[in-house]
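Here the sequence shown is numbered in the UniProt record's numbering, starting from 1 and rising by one per residue.
Since the hints were derived computationally from the structure, they do not count as laboratory data.
Hints should not be assumed to be uniformly reliable.
Said to hold, decoys possible - Below 20 Å or equal to it, Euclidean Cα-Cα: the simulated SDA-like pairs (lysine to any residue) are:
1) LYS125 - GLY149
2) LYS99 - PRO116
3) LYS154 - TYR82
4) LYS89 - PRO146
5) LYS153 - ILE127
6) LYS150 - LEU128
7) LYS153 - GLY110
8) LYS87 - ASP137
9) LYS87 - GLY129
10) LYS99 - ALA81
11) LYS99 - ARG64
12) LYS87 - TRP151
Stated by the list, open to error - Label-pair distances were calculated between CB atoms; the ranges are:
13) TRP160 - LEU72: 48 to 54 Å
14) GLU92 - ALA25: 56 to 62 Å
15) LYS87 - GLU119: 17 to 23 Å
16) GLU119 - LYS84: 28 to 34 Å
17) ASP137 - PRO16: 54 to 60 Å
18) THR20 - LYS153: 44 to 50 Å
19) GLY140 - TYR111: 39 to 45 Å
Here the structure is a predicted model, which means the values were calculated and not measured.
All residues carry an ideal CB built from backbone N, CA and C; glycine is no exception.
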Amino acid sequence: MWAYMTSKREAIGMTPYALTYGHDAILPMEIAVQSLRIAQQFNLIGEDYFQAMLLELEGLDASRIDTINKLLARKQVLSRAYNKRVKNKSFEEGEIVWKAVLPLGTHIAGYGKWSPTWEGPFIIKQILGLGAYRLQDRDGDIHVAPINGKWLKKLYPTIWDSQAVRTDPGIEREQNGTVV
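All chains should be modelled from the sequences, with the hints used to inform the complete structure.
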């Protein structure tokens with residue numbers, strides 16, 4: 001425990017003990033060996049020692065502010081590195097999407113490992129904010145439970161889907177927004 005409290009952290013440039021109490025901890029070894037810091041401290045008389053401690057405390061606020069700034073800068077660097085790999089998904093009302101089969105990894109009897117991982121298509125009925133959406137089935141049934149956008153993906157129609165639109169009038173009405 002003492003090693004953690006008395007060793008400088010690379011990210012903040014200070015020891016946790018110094019951030020908490022205003023000055024570095026004095027180890028028993030330093031008293032036995034008479035380090036330079038201890039020798040200078042013993043040469044100070046009452047009022048000089050008191051002034052030295054006040055100066056350390058005045059510098060503590062600046063040290064703490066510098067430490068917070070270093071931590072915030074480090075967090076920004078990490079968030080930029082993380083956000084490079086993140087792909088934001090946003091959908092609009094009326095868009096046709098696939099929904100992941102939840103819970104993930106469930107298998108439908110008879111399909112085994114060939115069970116589908118996506119189901120649908122669904123229509124985005126309402127945008128609830130913060131990445132949440134309310135879905136509607138092809139039959140017009142609205143799902144009560146909202147779903148996170150990370151479990152959705154946009155449906156890109158294929159040639160077969162365009163033929164289905166021509167043969168199934170219900171799909172055409174849903175795409176035009178006129179559900180009967």
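Okay, which hints does this one fail, numbers in order?
Numbers 3, 7, 8, 10, 11, 19, in rising order.
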